[in-house]
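In order, the protein sequence lines correspond to chains E and S.
Residue numbers for the first sequence, in my numbering: 61 to 461.
Residue numbers for the second sequence, in my numbering: 61 to 461.
These aren't lab readings, by the way, just hints derived from the structure by calculation.
Here a beta-carbon is modelled for each residue, glycine too, at the ideal position from N, C-alpha and C.
Check each hint, because a few of them may be wrong.
[To be verified] List time: in silico DSS-like cross-link candidates among lysine-lysine, alpha-carbon distance up to 30 Å:
#1 Lys295/S / Lys246/S
#2 Lys427/E / Lys154/S
#3 Lys431/E / Lys182/S
#4 Lys157/E / Lys246/S
#5 Lys89/E / Lys431/E
#6 Lys157/S / Lys104/E
#7 Lys431/S / Lys182/E
#8 Lys165/E / Lys431/S
[Claimed, not checked] Short, incomplete list of chain S residues facing chain E, as computed with Cβ under 7 Å:
#9 Thr125
#10 Tyr130
#11 Gly131
#12 Leu345
#13 Met383
#14 Leu428
Here are the chains, one letter per residue:
Protein chains: 2
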Amino acid sequence: LKADYIVTMNEKNEILLNAEVIFDKKILKVGYNLDDSPAVYLGKNSVLMPALINNHTHLEFSANTTTLNYGDFISWLNSVLENREDLFLECSGKCFKNAVDEMKKSGICAFGEISSSGNDLKYLTKQPLKVIYFNEIIGSNPAVVDMLYQDFLARIEESKKYENEKFKVAISIHSPYSVHPILMDKVIEIAKKENYIIQTHFMESKAERKWLDEGKGEFKLFFEQNFKLSKPLIKPVEFIRKFKDTKTTFVHCVHANEKELEEISKINGYISHCPVSNRLLNTGLLNLEKVKNKYIDYTVATDGKSSNYSLNLFKEIRAALLMQTELHPKYLAKDLLKSVTINAAKSLGLNNGSIETGKDADLISFKLPDKIKDIENLPLQIILHTNEVNYLYINGEEINL
Amino acid sequence: LKADYIVTMNEKNEILLNAEVIFDKKILKVGYNLDDSPAVYLGKNSVLMPALINNHTHLEFSANTTTLNYGDFISWLNSVLENREDLFLECSGKCFKNAVDEMKKSGICAFGEISSSGNDLKYLTKQPLKVIYFNEIIGSNPAVVDMLYQDFLARIEESKKYENEKFKVAISIHSPYSVHPILMDKVIEIAKKENYIIQTHFMESKAERKWLDEGKGEFKLFFEQNFKLSKPLIKPVEFIRKFKDTKTTFVHCVHANEKELEEISKINGYISHCPVSNRLLNTGLLNLEKVKNKYIDYTVATDGKSSNYSLNLFKEIRAALLMQTELHPKYLAKDLLKSVTINAAKSLGLNNGSIETGKDADLISFKLPDKIKDIENLPLQIILHTNEVNYLYINGEEINL
Ligand SMILES: [Fe+2]
Ligand SMILES: [Fe+2]
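Looking at chain E on its own, in the form it has when it is part of the complex (with noise of 0.2 Å):
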C-alpha cells in the first residue's frame, strides 16, 4: 500500500511521506520504491497508521443509552446496581455487534474487554477484532469468597477453551475498594503463574480516596447500606505493590497522589485514561502531566457505554484534547496517537501499534479532507477531521466494515 502520509508511530515517531507498506500477516517493508509491482495508491490525503487499540472497555453494558444517571459517581453506582441484570439482559447478540461495529468502522483493531459475567464470551469469539478478555473477580464479603473464587476459576477455564492467535485470556481485579485481598492474592498468584495480564480500576472517585484513606466520605454509607462493610479493606499504596511483576494497567487514576504515581511507574504499570467516562461522573479530570513526570505510558480508553455515548476511538482521543486544556494541542496530538496505538499495545502484550518491520499488519487508512502544509501539524489534524477509516487491516486481513 502507497499513501500520502504514513504515520509509523516507531520509536522516532517518523512520518513517511508518499511511502510504501508491503505486509502478508505481518508487516514486510516500509519505505520507499520497495517492489517491482507498484504498490496500490491509497488516494489523495490518504493516511496510512496503525490501527487503534481500546484497551479498557465493558461490552456487557452495551445497552445502556439514557438508563444510568450521570453526573454524580455514587448516583451513578447506585444507577449501576439497579439497572445491572436488565441491562445484562438486553445485551445479546445484535447489541454486541452494535458495538464491535462501531469500535471496527473507527478502526479500532483490538480491545480489552472486561468481563464480569461471562456473557460477552460468545460474541467476542465469533468477531474479527482482537480481544484481550479480562475475567473480572469482585467481592468484598469473606462469607462468599471462596464462592466467588470458584466462579471466577470456571470463567477463566471456559474463556481459555476459545483461546487463539486473537482471543487473549486475561485477568481483572474490579478495584482496590471492591475485592477482598485474600481473593486478590490468589488471583494475582495465577497470573503470575498463567502471564495473564491485568487490569483494575484505581482512584476513579473522591469518593474512593475519602474511602481507602479515612474509612469516611460517600462511600461509607454506600457500604454499609450494600455490602455491610465498615472499613476499607486495603491501603492504596499496598494495593498498587501487589502487583509488582505483573503487567497492570491501571485504569482512572483521577485521584492518584504523586507517591501512587510513583508506585506504578516503579512496577511498570500502565494507566488507562479514560476522559469522558470521567467526566459524565463527574469525578475530575487525570492531570497527565503529573502522569508523564513519573514516565508512565498512558492510553486512552472509552470505557464502556455504562459510561459514555460512543466507543469511538478518535472521537474519544478528540475528547480528550479539547478537555485537556493545560497541555498543548499540538504536542497532546502526537501523544493521544501513541496513546491508542503503540502504547496501548505494549500494555495488552499485543505485536501491533506501529508500522515497522515484523509487527503484525494491524493498518488503518483514511483521507484527510485537505493537504497538510506542515507535517507538524498532521496529528491534530487527524485527531480534529478522523470519525471512522476506510480500510482496517487485522493480521494483514481487510475487514468488512
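With chain E held as given, fit chain S with the ligands onto it using these hints.
Relative to chain E, chain S with the ligands alone:
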C-alpha cells in the same frame, strides 16, 4: 405536533411530557389535548424543542480544514493573514452551501455571521436560515481610517438591500486591538441610530491581555511587523463602556478580568463562548462560573471553520459539557441548552428560542435512543446523544434537510 418530551426553554424552564404544540408562522398554543383533530405524533422518545441559534460564525472561512495553523494564537493569526485571500477565493457557492447545510442538519434555524469582505452576502440571502449579518470593521492605521469607513458604509448599504423577515443587518467591531477608536465611535454611533446589534471579539488571548494592559508581549512584535503600530489604542474598560446603550455580544472573554465582566454586566452585554475555537488556538478556557456570578447571559457558538472542525452546534455544546470540568454536568447541560436557544435569541434580537405562545415557530425535533427514567437527566442526555435533527421548522415552515 405532539412529542414525548417538549423542552420549552420558557422562563420556568418547563419540560412537558406527551404534550402538543400548535403553530402557523408563530406558536399558537402549547399544552395538552389542544385541538379536536389529533396532533401528529413525532414518535417514541421524540423531543421537540426550540431550534438552535449559532450566534457567532465566519462563513467566509469555510474553505479551511487543514490549512490554518492551530495550537498557538499568534501563529494562527499569522497563518490567517497568509492564507486569508486564498481561503476566501476557495469559498464560493458550494463551500457556503456545505457550511449552511451542516448547520441546518444540526438543527440551527438562525446564525450571526461576521462578514469582513461581503463575499458571503449573495449566498446568505438565498438560503433558508435566518441571518443576522454583522458587517465587520477592522483597521487601526489612521491614514486609511477614512477609506475603511467608506468601504464599511458601502457594505452596510449593500447588505441593507436584502433586509427582510429572515435577514437583518448588524455591525461588528473586530476587537479592541484592531480598530482605531475614531472608527469605533463612528460605527457605534450608526449602530445606535439604526438600532443595529453589535458583536466584538474581546480578550480572546493572553497576548491580547498583555498588549492592552502593558503594550507588551507577543502582540508587540506582531503589530510592529504587520501594522506599524507601537502601542495599544484603548484601555479594555474604556472599550466596553463605548457599547453602553447598544445590544452587544462580547465574543470569547477568556482573559477578561472581574472588573471587565462587571462592566459587561452593567451595560447588559452578552458573552459568546466558543470553547472549541479557544482550545484549538490554545487560548484557555472561559470561566463560566464567573460569568454567571456577574449575571451575564452567555451563548455558545462555533466561531468559524477558521478555528473549528465543525459548525454543528450540538457537537459544540457537547464539547463545552466535556471541557468545563469544574461544573456539574447535569446543571451545566441545562445552561448549555439555554445558551444556544433563548440566550442566543436575545443576543441577536430574535423572537424565537423558546416554545411559548407568540414566539416564531422555529422548532426542531429528534429522537433519543431510549426513554428517560428521571426527567432531570433529559438535558444532559439530549446533549450526549444528538448530532442531527429529524425536523427543522422556521417560521412554521418545514425546511428540507
Ligand atoms: Fe471501567
Ligand atoms: Fe470569531
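Status of each hint after checking the structure:
The suggested pairing of Lys295/S with Lys246/S holds, with an alpha-carbon distance near 18 Å, which does not exceed 30 Å. For the suggested pair Lys427/E and Lys154/S, the alpha carbons sit about 20 Å apart, so the restraint of at most 30 Å is met. For the given pair, Lys431/E sits about 29 Å from Lys182/S by alpha-carbon distance, which is consistent with the 30 Å threshold. A distance of roughly 63 Å separates the Cα atoms of Lys157/E and Lys246/S; the hinted pair therefore is violated under the 30 Å criterion.
Only pairs whose Cα atoms come within 30 Å are accepted, and Lys89/E paired with Lys431/E is accepted, the gap being roughly 26 Å. Restraint check for Lys157/S and Lys104/E: the C-alpha separation of about 23 Å stays at or below 30 Å, so the hint holds. For the hint linking Lys431/S to Lys182/E, the alpha-carbon distance of about 29 Å falls within 30 Å, and the restraint holds. The suggested pairing of Lys165/E with Lys431/S holds, with an alpha-carbon distance near 27 Å, which does not exceed 30 Å.
Checking Thr125/S against chain E: minimum C-beta separation of about 4 Å stays under 7 Å; hint holds. At a threshold of 7 Å, the smallest CB-CB gap from Tyr130/S to chain E is about 6 Å, leaving the interface hint in force. With a cut of 7 Å, the hint placing Gly131/S at the interface with chain E holds, because the nearest CB-to-CB distance is about 4 Å. Because the smallest distance between the Cβ of Leu345/S and any Cβ of chain E comes to about 5 Å, under 7 Å, the interface hint for this residue holds.
At its closest, the beta carbon of Met383/S sits 5 Å from a beta carbon of chain E; the interface hint therefore holds under the 7 Å criterion. Against a cut-off of 7 Å between C-beta atoms, the interface hint on Leu428/S holds, since the closest Cβ of chain E lies about 6 Å away.
The structure does not agree with numbered hint 4 stated previously, though it agrees with all others.
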